[in-house]
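Student: Please arrange chain B on chain A, whose structure you already have, making use of the hints.
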Amino acid sequence: MADFIRVAKLEDIAEPGKQLVEVDDRLVVLFRVEGEIYCLDDICTHDGGPLGEGELSGFSIACPRHGACFDVRSGNAITMPATEATVAHEVKVEGGEIFVKLNEA
Amino acid sequence: MGFSQDDFETFLAQRTEPDWLTTARREAWDRFLQMDWPGRREEEWIRTDIRLFKLHRYALPLADESQTVPDTVAAALTAGVELGGRVASYNGCSTTSQLDSHWAEKGVVFGPLDQVVETHGDLVKKYLFAKAVDPTFDRFASLHAAAWSSGMFLFVPRGVVLEQPLHSLATLGDGGVDLGHTLVVLEDGAEATMMCESGSVTPDGDGFHCGATEIIMGKGAHLRFVNLQDWSTGVWHFAHQKAVIDSDAQLQWTIAALGSRVSKVNQHVALVGPGADSQVNGVMFTEGKQHLSYHTLQHHIAPNCHSDFLYKGALQDKSRTVWRGMIKVDPRAQRTDGYQRNDSLLLSNTARADSIPGLEIEADDVRCTHGSTTGRVNDEMIFYAQSRGFTRQEAIRLIVSGFFQQIFDRVTIENVREALGHAIARRVREYE
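Going line by line, the protein sequences match chains A and B.
Residue -16 is where the first sequence starts when you use the working numbering, and the numbers rise one by one after that.
Residue 40 is where the second sequence starts when you use the working numbering, and the numbers rise one by one after that.
Just so you know, these hints were derived from the structure itself, not from any lab.
Here the structure is a predicted model, which means the values were calculated and not measured.
Mixed in with the good hints there might be a few duds.
Claimed, not checked - Only pairs whose alpha carbons sit at most 20 Å apart, straight line, appear in this in silico DMTMM-like list of lysine to aspartate or glutamate: (1) 328/B with 8/A; (2) -8/A with 77/A; (3) 93/B with 7/A; (4) 357/B with 87/A; (5) 357/B with 30/A.
To be verified - Non-contacting residues of chain B with respect to chain A, defined by C-beta distances greater than 12 Å in every case (computed): (6) 65; (7) 119; (8) 136; (9) 148; (10) 227; (11) 393; (12) 409; (13) 422; (14) 456.
To be verified - Far from chain B, some chain A residues (derived; all Cβ distances over 12 Å): (15) -2; (16) 57; (17) 74.
Virtual Cβ for every residue (Gly too), placed ideally from N, Cα, C.
So here's chain A without its partners, still in its complex pose:
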C-alpha cells in the first residue's frame, strides 16, 4: 500500500505555479493554485505529453503538444483532444513540506 512521501517544500512552488517531481520511480506534477496543492501524473491521456511543461491557467493545465486541458484538482479532462482523466494523487502539506501518496489507478 502506497504511503505519503515527502516530495518538495511548499516555498519552492510559486503561487500560482507548478513543479515536476519524481516520486517512487514515477514523474508527477505539483500544482499550487489559490493556496492549495494538487498532484497529477505528468501524462496527457491523449498522446502521453508532459503536462508539467504546459500552461497553467486557474485550475486548468494545458498539454503543450495539442492543448488538451485537465482539471488539476481531479485530473479530469476538460477539453479535447483528451477524453480520459489523468491520474490524480493525494496530497497533504505539513510544516511547510509537501507529501504525496501515489494512486495506482
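Tutor: Only chain B this time, still in chain A's reference frame:
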C-alpha cells in the same frame, strides 16, 4: 564505479586492443560527453519518455574475476538444435566461446567481438562502424561506440555455406550492464543462420542495455538472423541495428521483443545492390507497464530490390508499443517492391499501441504498400471457442496464437517458431 572519465580510463586499461580501436573509442567517448540525451521534442523520442533513466545507477562493464556466472538463464531457441558454435556473456563480459573446428578450417571466424578484435584486428576494422551503424547518431550510439564490450562477431568467407546455426546468449544480472555489439559479415555467396538471445537472471531485475547490430551481406549471400529480446521488466534497452544488403542477397530477420522496461530500437535495412531482398518478421508482446518503441527504415538505394516488413504486437495491462516505419526509395531505385505492415492486438482497456507507417518515394516506377491495424479480441470469437469446450484463457491463447500465426508461417526455422509460440502463450492472461 560508473561512467566517469576515470571509469572509462580503467575500462580502456583493462583491454589489449589495437590502437585504431582505442582511438575510435576515445573519439566516441568525447562525443558522448558533449552530447545531450535525446529530448522529448524530437520526433524520434516524442512518444518514449526516458526522463527516469539514470545512467549513474549503472557502471561500465569491467572484467571482474570474482563475478560468478549464474546458470539460471536457459537458451530458448536452441532446443534440439545442433549448433555450429556459441558465444555467451554475463553483464557485458564474455563467458563462453566455441566454434566447431570444421567451420574454422573453412575460414569462418566466430567469437566474442572483443576477443576477435585481438586476433583478427584488420578484419574487424574493415567493417566495425564502417558500413552500417552510425556511431554519431545520438548519445546512446556514441556511448555504445565508446564502451562496447563482449558482443559477437561472425565472418563467413566467400562461398562458404555454414549449415549449422550459431547462437549467442547475453545475460544480465540485477543492475547489470550490457553494451554488446553484434557484427555479422557474409561475403559473396556465403550462407548462415544466426540466433541471438538476451535474458535476465531475475524476472523484474534492473539493468541497462545499449547495443548495436551490424549485418553486412555480400552479393548473393543468404542470412537467417533471429533476435529474441527477453530482458527482465526493469531493463532499459536501447539499440541501433542496421543491415546492408548487396546484389541478389537475401536476409530473413526475425525479431521477438518480449522483455525490458523501456525499449527504443532503430532497425534499418539498406538495399544497396540490385536484386537485394529483405524480409523482417517482428513479434512484440508486452505486459505490465512495458514500453517498446521500434523505428524501422527500409531504404531502397538500388533498383529491383524487395523489402517486406511485418510487425505484430499484442499488448496487455498498461503496456504500450510504438511502431514507426518508413519505406524510403531513392531516385535511382526504380522497380522497387516494398511492403510494410504493423498489426496490434489490444488485450486490455488500458494498453496503447501507436502505429505510424510512412512512405518517402523519389522514384516513379515502384510498388510500395503499407498498412496498419489496431483492434481488440472479438468477444464472439472467445464465446465460440468456449462453446467448443475451451476455457476462456485457452480461448484467448488460441486467438492470440492465431494472430501471430501469419508471422510464424514466415519464419523458416522450426524451433524458433515453437519457442516464440510458447513464450507468447505463457504470457497471455485473462482478457479484460
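Student: Give a verdict on every hint.
Tutor: Hints and how they fare:
1. 328/B with 8/A: OK: residue 328/B and residue 8/A at ~12 Å, within 20 Å.
2. -8/A with 77/A: holds, 10 Å
3. 93/B with 7/A: At roughly 14 Å apart (the allowed maximum being 20 Å), residue 7/A and residue 93/B satisfy the hint.
4. 357/B with 87/A: holds, 11 Å
5. 357/B with 30/A: holds, 14 Å
6. 65: At about 33 Å from chain A, residue 65/B clears the 12 Å cut-off, so the statement holds.
7. 119: Holds: least Cβ distance 41 Å, greater than 12 Å.
8. 136: holds, 37 Å
9. 148: Since the minimum Cβ distance to chain A is about 43 Å, residue 148/B lies beyond 12 Å and the statement holds.
10. 227: holds, 46 Å
11. 393: violated, 9 Å
12. 409: With a cut-off of 12 Å, residue 409/B remains clear of chain A, as the shortest Cβ separation is near 22 Å.
13. 422: Given that every Cβ of chain A is farther than 12 Å from that of residue 422/B, nearest at about 28 Å, it holds.
14. 456: It holds; residue 456/B is separated from chain A by about 34 Å at its closest Cβ, greater than 12 Å.
15. -2: holds, 26 Å
16. 57: For residue 57/A, whose nearest Cβ neighbour in chain B is about 19 Å away, the distance exceeds 12 Å, so it holds.
17. 74: The claim stands: residue 74/A keeps its Cβ more than 12 Å from every Cβ of chain B (closest is about 21 Å).
Hint violations for this structure: number 11 only, all remaining hints satisfied.
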